[in-house]
Amino acid sequence: MKLTDTLRFASYAAMGSFVRTLLLVLAMSIGVASVVVLTALSDGARRYVVDEFSSIGTNLVIVLPGRSETRGFNPANLVTSTPRDLTVNDAEALLRLSGVKLVSPLLIATSEVNASGKLRESMLVGTNADYMQLRKLKLSLGRFLSKTSSKGGSPEVVLGALIRKELFGTENPIGKTVRIGDKKLRVVGVLAEGGRGMGMSSDELLIVPIAIAQTMLNTNTLFRILIEAQSREQIDTVKPQVLKTIISRHEGEEDVTVITQDAVLETFDNILNVLTLGIAGIAAISLAVAGILVMNVMLVSVTQRTAEIGLLKALGATSNSVQQLFIVEALLLSTAGAIVGLGLGYLGAAFLRYLYPVFPAYPPLWAVFAGLGTALASGLIFGVMPARNAAKLDAIQALSKRY
Amino acid sequence: MASAEALIRLMHIHRTFYLGDSKVNALRDVNLTINQGEYIAVMGPSGSGKSTLLNLLGLLDRPDSGIYHLAGRDVTTLAPDEQAQVRSEHIGFIFQSFHLVPRLTAAANIELPLILAGINPDERVQRVKQAIHEYGLDDRAQHRPNELSGGQRQRVAVARATVMRPTLLLADEPTGNLDKVTGEEVIHLLETLNQHGVTLIVVTHDQAIGARAHRQITMDDGAVVTDTITNSELNITG
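Line by line, the protein sequences are chains E and L.
Position 115 (the first sequence) corresponds to 115 in the numbering used here; numbering is contiguous.
Position 25 (the second sequence) corresponds to 428 in the numbering used here; numbering is contiguous.
The set of hints was computed from the structure by calculation and includes no laboratory data.
Some hints could be false.
[Unchecked claim] Have a look at the derived ranges for each label pair, beta carbon to beta carbon:
1. E:Val384 <-> L:Gln488: 20 to 28 angstroms
2. L:Thr631 <-> E:Leu3: 46 to 54 angstroms
3. L:Asp467 <-> E:Val384: 27 to 35 angstroms
4. L:Asp541 <-> E:Thr303: 51 to 59 angstroms
5. L:Arg476 <-> E:Arg20: 38 to 46 angstroms
6. E:Gln304 <-> L:Gly553: 18 to 26 angstroms
7. E:Val19 <-> L:Gln545: 47 to 55 angstroms
8. E:Asn270 <-> L:Gln488: 57 to 65 angstroms
9. E:Val384 <-> L:Asp623: 40 to 48 angstroms
10. L:Asn434 <-> E:Val19: 52 to 60 angstroms
[Stated by the list, open to error] Taking lysine to any residue pairs in the SDA-like style, the calculated list, with each CA pair at most 25 angstroms apart, reads:
11. L:Lys532 <-> E:Leu3
12. E:Lys176 <-> E:Glu121
13. E:Lys392 <-> L:Gly521
14. E:Lys2 <-> L:Lys426
15. E:Lys392 <-> L:Ala482
16. E:Lys392 <-> L:Pro483
17. E:Lys392 <-> L:Thr480
18. E:Lys392 <-> L:Ala544
19. L:Lys532 <-> L:Leu507
20. E:Lys392 <-> L:Lys583
21. E:Lys392 <-> L:Gly539
22. E:Lys2 <-> L:Asp525
23. E:Lys165 <-> E:Asn114
24. L:Lys426 <-> E:Asp394
25. E:Lys392 <-> L:Thr479
26. E:Lys101 <-> E:Ser248
27. E:Lys138 <-> E:Phe53
28. L:Lys583 <-> L:Gly521
29. E:Lys2 <-> L:Gly539
30. E:Lys101 <-> E:Ala263
31. E:Lys392 <-> L:Pro505
32. E:Lys138 <-> E:Ala192
33. E:Lys2 <-> L:Lys583
34. L:Lys532 <-> E:Met1
35. L:Lys532 <-> E:Gly16
36. E:Lys2 <-> L:Arg547
37. E:Lys2 <-> L:Ala544
38. E:Lys184 <-> E:Arg232
Beta carbons are placed, not taken as given, at the ideal position from N, Cα and C, and that holds for glycine.
Start from the sequences and build out the full structure, keeping to the hints where you can.
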């Protein structure tokens, strides 16, 4: 029997009981679609987090005030619970280290901004001129903060795109003054639209010199110090130096935490990859169920078509051809299910992206192949037993059944 | 008659079934020689072993002991797949209940043996067309079995059994599900085939049909009781 004939016969056989085939394809496609959509979802989450984290810059070493305690509870924590302030001077000291390219102190607070009678609440970021390069920010108008020593700083502000639109509309804001708190600041630049990072949009930022921010908020302490290493290789040497420098400046007390972007990125990536795998595994259960359904349906089909099998044998079909017919039918059913499921899955993922445009819900390629592979393999494996039953059927007894 | 050129030669064939604890001797020491082109009716009461004999001749069943030569070749020892090939090339079956595949059209049903034999599509189309024409099914070719009358169904079945041009045609109660007139037609059809040289073996209950054959074999309790040649106008071509 030729392969094309086997395919044709098997597909006719499948179409012969249309409802059965439809239900089976549906079951299989739900299995595949769930693998595709669920992995798209979790891989999307992974990508979202990773993108979010890598968009804050490259080769970053980040200093956080306070010690993240990993050695259990220490009674000394009760006494020295308040860490020393992380100061602008600390940041300047770090700039002198070898392998360090840029250092930006960072102070973040919410504040109100007021211009031409319009009031808006927004995020105030105090930093220095290097921040722009470090965070890879883009401007649409004007310039960024001017390079001054971190002690001083002229009263100037760079607006986020949205803030600018809400306060000034289409008007050119450069040179105008806005009020932040009780200070009057001159607008020198506007950020380009669409920048992101660390879970916030740069569209809603007000960027001011660190010294201005500190006086406005009446504080000395920093929220973070961002350090960019010269290269990726330098990160590992910069990190201990940074820690050492801060410790020596803080009277020997290790009261800061230094993290590297790479390490954090990798951790997130790993955790979320495992999550995706786990979710794919859960989705694969539905595929296995669909596979068992294929087997069940094929077994019933063999019983229903006993007479036909007997007839085929009487007409000269070998046991092998009969077996092939049933395996091919099972394979066709699961392939159809897999393809429909793939379509549904991609559609579902596209719908998710339509609902949440920032969320990159693309199914990972490996999951697509794993889903398809599992569908086909289960079709094959669960098709073999019914096919063998069919091939083993006794032709005479099969024929004695009446249509 | 017992020439070395005999189409079928059965020697000391035994076949026993076990139904639960009881032993059923379906065939007991059956010896038969059948020549090419014979027209034989196998008769006898239910359970006399006629169907078993037919299945055995059609290589659907194996004897427990004894030797079966088909066209000079010992087919008892063939592997199942070789037997399938012999069935495909040499033997046509016709069943009481037609056994048409319900989802396939008349033409597709007739095409089945050709497909199973792995014949090229072009040739298949040709041969199916010819068969459909020969059996007067031209306007029924694209109908499914449930849209055909009993007589038409059996004509399709006969067309299917003969499309591979077998030397041996085995018919198990071919008129059992048909009324008298259509039954007559089908028998006539089979007889025409026999006149063209096909060896025809019909299992039947119907005395009238049995009497039309050139040779009558009656069976009882698994053994051949009588074997008479009533009609001398034998059509021996082989």
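Hint check:
| no. | hint | result |
| --- | --- | --- |
| 1 | E:Val384 <-> L:Gln488: 20 to 28 angstroms | holds, 24 angstroms |
| 2 | L:Thr631 <-> E:Leu3: 46 to 54 angstroms | holds, 50 angstroms |
| 3 | L:Asp467 <-> E:Val384: 27 to 35 angstroms | holds, 32 angstroms |
| 4 | L:Asp541 <-> E:Thr303: 51 to 59 angstroms | violated, 36 angstroms |
| 5 | L:Arg476 <-> E:Arg20: 38 to 46 angstroms | holds, 43 angstroms |
| 6 | E:Gln304 <-> L:Gly553: 18 to 26 angstroms | holds, 23 angstroms |
| 7 | E:Val19 <-> L:Gln545: 47 to 55 angstroms | violated, 24 angstroms |
| 8 | E:Asn270 <-> L:Gln488: 57 to 65 angstroms | holds, 60 angstroms |
| 9 | E:Val384 <-> L:Asp623: 40 to 48 angstroms | holds, 45 angstroms |
| 10 | L:Asn434 <-> E:Val19: 52 to 60 angstroms | holds, 53 angstroms |
| 11 | L:Lys532 <-> E:Leu3 | holds, 23 angstroms |
| 12 | E:Lys176 <-> E:Glu121 | holds, 19 angstroms |
| 13 | E:Lys392 <-> L:Gly521 | holds, 22 angstroms |
| 14 | E:Lys2 <-> L:Lys426 | violated, 42 angstroms |
| 15 | E:Lys392 <-> L:Ala482 | holds, 14 angstroms |
| 16 | E:Lys392 <-> L:Pro483 | holds, 11 angstroms |
| 17 | E:Lys392 <-> L:Thr480 | holds, 19 angstroms |
| 18 | E:Lys392 <-> L:Ala544 | violated, 32 angstroms |
| 19 | L:Lys532 <-> L:Leu507 | holds, 16 angstroms |
| 20 | E:Lys392 <-> L:Lys583 | violated, 38 angstroms |
| 21 | E:Lys392 <-> L:Gly539 | violated, 37 angstroms |
| 22 | E:Lys2 <-> L:Asp525 | holds, 13 angstroms |
| 23 | E:Lys165 <-> E:Asn114 | holds, 13 angstroms |
| 24 | L:Lys426 <-> E:Asp394 | holds, 19 angstroms |
| 25 | E:Lys392 <-> L:Thr479 | holds, 19 angstroms |
| 26 | E:Lys101 <-> E:Ser248 | holds, 21 angstroms |
| 27 | E:Lys138 <-> E:Phe53 | holds, 18 angstroms |
| 28 | L:Lys583 <-> L:Gly521 | violated, 37 angstroms |
| 29 | E:Lys2 <-> L:Gly539 | violated, 29 angstroms |
| 30 | E:Lys101 <-> E:Ala263 | holds, 19 angstroms |
| 31 | E:Lys392 <-> L:Pro505 | holds, 22 angstroms |
| 32 | E:Lys138 <-> E:Ala192 | holds, 5 angstroms |
| 33 | E:Lys2 <-> L:Lys583 | violated, 41 angstroms |
| 34 | L:Lys532 <-> E:Met1 | holds, 20 angstroms |
| 35 | L:Lys532 <-> E:Gly16 | holds, 24 angstroms |
| 36 | E:Lys2 <-> L:Arg547 | holds, 24 angstroms |
| 37 | E:Lys2 <-> L:Ala544 | holds, 23 angstroms |
| 38 | E:Lys184 <-> E:Arg232 | violated, 41 angstroms |
Violated hints, listed in ascending order, are 4, 7, 14, 18, 20, 21, 28, 29, 33, 38; each of the other numbered hints is respected by the structure.
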